[in-house]
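Undergrad: Turn these sequences into a full structure, and let the hints steer you where they fit.
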Amino acid sequence: MPLTDEPTDRPSGPLAREALALGAFDHVVSRLDGFRARAGQREMAAHIAETLSLVDWPAKPEKGDDPPPAGPRAIAVVQAGTGVGKSAAYASTVIPLALAQGKRVMISTATVALQEQLIAKDLPALAAVLPQPFVFTLAKGRGRYVCRLKLDQMAGGDAATSDLFGDEPDDKPSSADKGDALERVWAERGRIYERWGQMLDSGDWDGDRDRLAEPPEGDVWTPVAAERHTCTARHCPSYNGCSYYRSRARLAQSQVIVVNHDLLLSTLGLHALPDPSDCYLVFDEAHHLGAVAQGQFTESMDLMRGGWLDKLPRAVTDVAGAIAHPLGVDVTTLARELKAAQAELARRAMARLAESPEWLALSGKQGGMRPRNGRDGGAGFEFSLPNATERLEGGLLPADWEETVGQIATRAGALLKEFELIAAQLKVLARDDPGDAPRCAQLYSRIGTFAPRLQHMAATAELWLQAPVEGQAPLAKWLEAGIQNGLVTLSAHACPLNPGGLLRAHLWSKVRAAVATSASLVTCGGFDHFLHESGLAWDEDVKTREVQSPFDHASQGRLVVVQTQHDPKDVEGYSREMLDLLMDDLRHVKRGALVLFTSKALMKRAQDLLERGLHSELREKVLVQGESSRTQLLKRHAERVADGGASILFGLQSFGEGLDLPGELCEWVFITKLPFASPSDPVGQARADWLKAQGRDPFSELVVPATGARLLQWTGRALRTETDEAVVVCYDARLLRQSYGRRMLKGLPPYRLQRRDGDRLTEVAR
Numbered sequence: 010m011p012l013t014d015e016p017t018d019r020p021s022g023p024l025a026r027e028a029l030a031l032g033a034f035d036h037v038v039s040r041l042d043g044f045r046a047r048a049g050q051r052e053m054a055a056h057i058a059e060t061l062s063l064v065d066w067p068a069k070p071e072k073g074d075d076p077p078p079a080g081p082r083a084i085a086v087v088q089a090g091t092g093v094g095k096s097a098a099y100a101s102t103v104i105p106l107a108l109a110q111g112k113r114v115m116i117s118t119a120t121v122a123l124q125e126q127l128i129a130k131d132l133p134a135l136a137a138v139l140p141q142p143f144v145f146t147l148a149k150g151r152g153r154y155v156c157r158l159k160l161d162q163m164a165g166g167d168a169a170t171s172d173l174f175g176d177e178p179d180d181k182p183s184s185a186d187k188g189d190a191l192e193r194v195w196a197e198r199g200r201i202y203e204r205w206g207q208m209l210d211s212g213d214w215d216g217d218r219d220r221l222a223e224p225p226e227g228d229v230w231t232p233v234a235a236e237r238h239t240c241t242a243r244h245c246p247s248y249n250g251c252s253y254y255r256s257r258a259r260l261a262q263s264q265v266i267v268v269n270h271d272l273l274l275s276t277l278g279l280h281a282l283p284d285p286s287d288c289y290l291v292f293d294e295a296h297h298l299g300a301v302a303q304g305q306f307t308e309s310m311d312l313m314r315g316g317w318l319d320k321l322p323r324a325v326t327d328v329a330g331a332i333a334h335p336l337g338v339d340v341t342t343l344a345r346e347l348k349a350a351q352a353e354l355a356r357r358a359m360a361r362l363a364e365s366p367e368w369l370a371l372s373g374k375q376g377g378m379r380p381r382n383g384r385d386g387g388a389g390f391e392f393s394l395p396n397a398t399e400r401l402e403g404g405l406l407p408a409d410w411e412e413t414v415g416q417i418a419t420r421a422g423a424l425l426k427e428f429e430l431i432a433a434q435l436k437v438l439a440r441d442d443p444g445d446a447p448r449c450a451q452l453y454s455r456i457g458t459f460a461p462r463l464q465h466m467a468a469t470a471e472l473w474l475q476a477p478v479e480g481q482a483p484l485a486k487w488l489e490a491g492i493q494n495g496l497v498t499l500s501a502h503a504c505p506l507n508p509g510g511l512l513r514a515h516l517w518s519k520v521r522a523a524v525a526t527s528a529s530l531v532t533c534g535g536f537d538h539f540l541h542e543s544g545l546a547w548d549e550d551v552k553t554r555e556v557q558s559p560f561d562h563a564s565q566g567r568l569v570v571v572q573t574q575h576d577p578k579d580v581e582g583y584s585r586e587m588l589d590l591l592m593d594d595l596r597h598v599k600r601g602a603l604v605l606f607t608s609k610a611l612m613k614r615a616q617d618l619l620e621r622g623l624h625s626e627l628r629e630k631v632l633v634q635g636e637s638s639r640t641q642l643l644k645r646h647a648e649r650v651a652d653g654g655a656s657i658l659f660g661l662q663s664f665g666e667g668l669d670l671p672g673e674l675c676e677w678v679f680i681t682k683l684p685f686a687s688p689s690d691p692v693g694q695a696r697a698d699w700l701k702a703q704g705r706d707p708f709s710e711l712v713v714p715a716t717g718a719r720l721l722q723w724t725g726r727a728l729r730t731e732t733d734e735a736v737v738v739c740y741d742a743r744l745l746r747q748s749y750g751r752r753m754l755k756g757l758p759p760y761r762l763q764r765r766d767g768d769r770l771t772e773v774a775r
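Our numbering numbers the first residue of the sequence shown as 10 and each following residue consecutively.
Everything labelled a hint here was simulated from the structure, so no lab data went into it.
Worth double-checking, as some hints may not be accurate.
To be verified - Lysine to aspartate or glutamate pairs mimicking DMTMM-like chemistry, simulated, CA-CA at most 25 Å apart:
| id | residue 1 | residue 2 |
| --- | --- | --- |
| 1 | K426 | E346 |
| 2 | K426 | D319 |
| 3 | K701 | E399 |
| 4 | K644 | E734 |
| 5 | K130 | E648 |
TA: In structure tokens form, the structure reads like this:
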């Protein structure tokens with residue numbers, strides 16, 4: 010159903026708009042089967058209706074008229090405790106308000122689970138009862154769709170075709186036997202691609218990766234994924250049947266679009282989604298916004314694999330020759346110099362890593378670094394150490410690195426400019442001669458695969474060259490190294506330190522009407538941390554509201570804080586004591602339980618204990634994150650509990666958020682340690698250094714609120730419905746003993762609080 014240009018019944022005035030939105034919520038509540046009104050849900054709906062009613066969307070100007078003034082903006086921030094029913098509260102108010110004014114709604118989430126809930130359950134139910142119909146759809150990035158042009162070219166199964174798409178030659182075996190193995194791999198891939206093409210032709214598949222019965226591995230999917238740099242859009246011979254552009258057509262006909270935070274932020278300014286200034290935005294799971302923004306504006310470049318640069322000159326000269334484009338630069342020399350600079354920076358980086366205290370300590374225990382002869386012109390080292398990072402403190406680039414990094418920036422930039430000229434000419438040729446469009450599309454895709462790598466190299470190098478400015482937060486700059494498939498990996502990274510500033514500049518400055526909601530926006534008793542991290546602090550158009558959970562936490566649940574003899578700072582002593590206590594407690598589990606660990610190493614130690622004779626009877630009850638897919642683990646967990654047995658899930662941070670285990674599926678939550686972020690996080694370290702330089706306390710400003718937010722999520726796994734009963738056991742006594750622990754407690758639900766010392770339980774006042 011296409012959008013109407015101008016609704017005839019546009020509500021006039023804030024009171025009319027507020028009444029329309031809240032009236033729509035009441036209408037939905039009264040007509041949905043099995044839907045029970047909740048006081049907190051209506052409180053949330055009323056806050057959204059009142060806040061967004063301030064936004065007046067003026068009628069579109071006639072051709073030739075000046076655009077109307079922007080008018081007021083409004084952003085409703087709502088913490089909605091577990092069980093409030095926030096998706097129904099915001100959807101039933103915002104969507105009718107948008108429809109009445111001829112505007113669209115974008116609902117952005119952080120997890121696939123919530124997207125699926127909205128698309129499969131919440132929005133269909135709402136559409137069935139609202140008087141005004143609407144169309145909704147799920148938006149995905151290009152990379153989730155297949156490129157038919159690539160698919161047809163790769164379906165032959167010839168390993169040589171991989172060169173068309175810039176695949177790394179570094180893994181190409183040198184021996185005949187390994188070469189034969191590679192040919193077999195590509196032959197098998199070719200059969201897969203051929204089958205996918207047949208499925209597209211028969212209508213059995215729509216080109217969406219997520220709709221394949223067996224989701225493919227990344228190395229199988231990537232060569233045929235739709236990407237912007239290899240796409241000529243309407244000039245492509247496969248355009249009319251393109252899976253991605255068909256999805257774009259569905260978006261154009263939809264009033265409500267469900268996206269994720271990554272996609273929304275990554276497409277700002279690219280016109281892939283509705284303009285944020287001309288629609289209503291809802292950010293569910295909004296506590297992720299800061300971290301997602303930081304990730305979106307992080308740049309990185311690979312320093313070890315340079316084989317693709319050997320292919321680049323031939324690809325460029327072949328394409329340029331095919332369209333009679335005179336090259337303005339010596340592509341061969343630029344590529345050779347770029348690869349040499351990449352290798353030189355890798356050599357310097359490896360030398361620095363070898364001298365760092367972290368690496369020296371590790372090498373004494375677990376191995377060391379040794380020379381290697383790389384086929385790709387890499388740094389020439391191998392090592393047998395775990396992954397590690399090395400930060401450039403204060404964002405300062407070593408003086409003797411500047412020339413090398415500058416060479417990377419200039420050479421990559423010059424190649425990119427030549428790519429842009431060739432791409433522009435290809436588009437002109439395809440436009441002027443439609444019969445030549447198929448050839449132009451294939452040529453475009455051949456050079457297009459090199460562009461993202463060049464862009465990342467140029468952007469990262471340019472950020473590394475930026476000198477710190479007095480009075481401003483410096484960039485975080487660091488190296489990451491490790492082992493993957495037996496080979497050294499080494500990369501350079503850079504990103505801004507202030508996610509709030511990024512969001513303020515790139516998102517909120519364009520937004521007219523928005524809702525930001527989550528069950529964990531309030532940390533340590535206030536919204537301050539979220540507002541700063543999300544860029545909404547000091548924004549006069551923001552109105553906050555905390556809506557309490559309908560659960561009676563004090564009668565439905567307990568929070569038990571265990572007193573240990575060892576302090577968590579004594580890592581070895583505490584871990585040993587805590588794990589012994591945990592094993593004893595797990596014997597009391599009769600149905601479902603969740604154990605949350607702060608590190609893989611700690612979880613592995615717990616697994617090792619289960620293998621021993623003393624605790625072996627528990628092993629068959631435990632399901633460990635990573636042993637199989639999350640979906641499979643949760644299915645097995647539910648089956649065990651349904652059969653009347655005990656089932657215990659071991660998990661990390663991702664299991665501490667978004668996991669919905671109601672009733673008997675989770676009667677216990679065991680928290681092994683307060684979930685502080687890793688102290689080795691280079692961005693966190695850089696932010697802490699900057700705050701210290703300003704005379705501020707990073708632990709109080711950043712670490713405690715962030716940990717409190719994670720702890721709120723973790724404890725939130727315990728009670729999921731109003732009839733649940735559960736116990737949360739935290740083995741980290743700092744929650745009661747330290748003042749910062751008490752700050753975190755202020756942000757947790759009002760569970761009945763107890764201290765456990767040995768076998769003695771003592772009630773603790775909140």
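Undergrad: Taking the hints in turn, state whether each one holds.
TA: A quick look at each hint next to the structure:
About 16 Å separates the Cα atoms of K426 and E346, which keeps this hinted pair within 25 Å; it holds. With a C-alpha separation of about 19 Å, the suggested pair K426 and D319 falls inside the 25 Å cut-off, and the hint holds. A hinted pair counts as satisfied when its Cα atoms are at most 25 Å apart, and K701 with E399 qualifies at roughly 20 Å. A threshold of 25 Å between alpha carbons decides the hint, and for K644 with E734 the separation of about 21 Å falls inside it, so the pair holds.
Of the pairs offered as hints, the one joining K130 and E648 holds, with about 23 Å between alpha carbons and a cut-off of 25 Å not exceeded.
Violated hints: none; the structure is consistent with every hint.
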